[in-house]
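Student: Put chain B on the given structure of chain A with help from the hints.
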Amino acid sequence: MELHIHGVSKTYANGVQALNDVTLTIPAGMYGLLGPNGAGKSTLMRMIATLQEPDTGTITLGEINVVRQKDEVRRTLGYLPQDFGVYPKVSAENLLDHFAVLKGITERRARKEVVEALLRKTNLWDVRTQKLGGYSGGMRQRFGVAVALLGNPTLMIVDEPTAGLDPTERVRFLNLLSELGESSVVLLSTHIVEDVSELCTRMAIIDNGEILLEADPLRAIDELHGRIWRRVISTNARSELEREHAVISTKLLAGRTVVHVYGDSPPGPDFEPVTPDLEDVYFSTMAGRIGRRRQTKPEAKSS
Amino acid sequence: MKLREILRFEFVYQAHRVRTWLYFAVLLVVAYLLTKGGIDSARDSSILANSPYGIAVTTVICNVLWMLIATAVAGSAAARDVQTRMHPLVYTTPISKADYLGGRFVAAFVLNALILLMVPAGIVLALLMPGAEPEILGPFRPAAYLSAYVVMALPTAFAVTTIQFSLAALNRRAAVSYLGSVLLLVTVSIGAGAVINLLQMPTLGKLLDPIGYITVVGVLSKAWTPIEKNTFLIGMQGSMLANRILWIGIGLGVLGFTHRRFRYAL
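If you're matching them up, the sequences are chains A and B in order. Just so we're aligned, residue 0 is where the first sequence starts under numbering that gives the first Met the number 0, counting upward by one. Just so we're aligned, residue 0 is where the second sequence starts under numbering that gives the first Met the number 0, counting upward by one.
These are calculated hints, taken from the structure and not from any lab test. Glycine included, C-beta positions come from ideal geometry on N, C-alpha and C. There is no bait here: all hints are sound.
Reference excerpt, derived from the structure (chain B facing chain A, CB under 10 Å, subset only): (1) K1; (2) R7; (3) Y12; (4) H15; (5) Q82; (6) H86; (7) T92; (8) S95; (9) L265.
Just chain A, with the same shape it has in the complex (with noise of 0.2 Å):
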């Protein structure tokens, strides 16, 4: 199984566009979709989950044409939104268990297993009794987990799933998603870049409802390997540098400001090499050093 999307635009009535042209191969596993807010995830994932449709392009799951048999999708699909609510006045038993039926686990003794392994599995058994309203964050996130695994789906969408969890829920998030990765096409849209560096065998990194670059995470950080520099310096010399190198990202450490700029051969003395990681490649496309925004980068930095 996997998914195709081609060709996909999408204008919103207010003017914005938040989809430009999007072209992607999804294939079993995990799949990374990065970008920074606003860039146009949700909206790219809300059109694979049926919820949104394409001015124009095509998006296919196998042979099932996404946007004209949503039916057919919603049968084998897992969506967690990046924001949802639940009835606050019902169990969170009760309220998997009309979803399990919804989702067409009609026969009541399976459907009571089915609910039992994935309250189990999300660590809300103890719980499940409970109104969801009394729930807090973490607990209603893994909640919208066992929704979306009800009924093994093939193509799992979770739009952005890290972003309100502590430490140890996301750790036990993440180990729930990467099981259903062996099987499934499953598609995690994030802007935070460990949660694709741990868990995803392919991704793509998407800005202004533009896909900048699409590849395998570790074959992404070898190609960087001898391109990453490093420089430790006072904030007030930053806009120095930025105009003279390359700069991709500058982060604070301890209180100091850390460069890391892109080059071919070694930038000056005052640098050292660093291994690259995901977020050089990240940092790297954004910046347009690496991708599809490489071409366009001049004209675009002389304004």
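Tutor: Only chain B this time, still in chain A's reference frame:
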């Protein structure tokens, strides 16, 4: 199967709200008190305390009250998913729009029908209580209660629930159903009054009244003699049946319109 589950879940959810039980209680109490008042006035007139006409009057008055207080039943059934922002989870399950809307609507309608059963219950309760002497009571006639409930209350409940449900579903806000109820009441009573008094078209005017209030409280109170009030069953007259059929038809039309216009998407 899915429609049944949607219906069941919605019904159980609302049955667990305190609000729902408040509606039951209010209608029971008001029907009881109205009947108690009827017992008092029956002593000074030749109209029986349990006349079919009196039962019908209590029914239509309680229907107006129900229409104004119980709007949240249809409203929340139609709009709760969007208002709690659970709709992205629901709308990505493989259920049809017809099952979704149908299950929710039927749950709201059944609940409203049960709430309105409190009206005959309140009437009977008041009559059974000590204080109603045998002289002012006619024989117990189930048909009087049945015709008031089936001919007067149920079609009203159906038509009004569809309108409340439709407004809430299409506007994605439960509170709009209350606004719809008020507007319906105001425009229709003004409209029907104008048609009857200004245009001198009483037949048309009576048709426009979704509750049958104008006919029962306005027209028949003068037109019927006490003996007629004590014996005739309301709702078996041609004009009243036409009114009921018209409003059931309007309800069906509103349901079809809602199904067509409802956006089963974000």
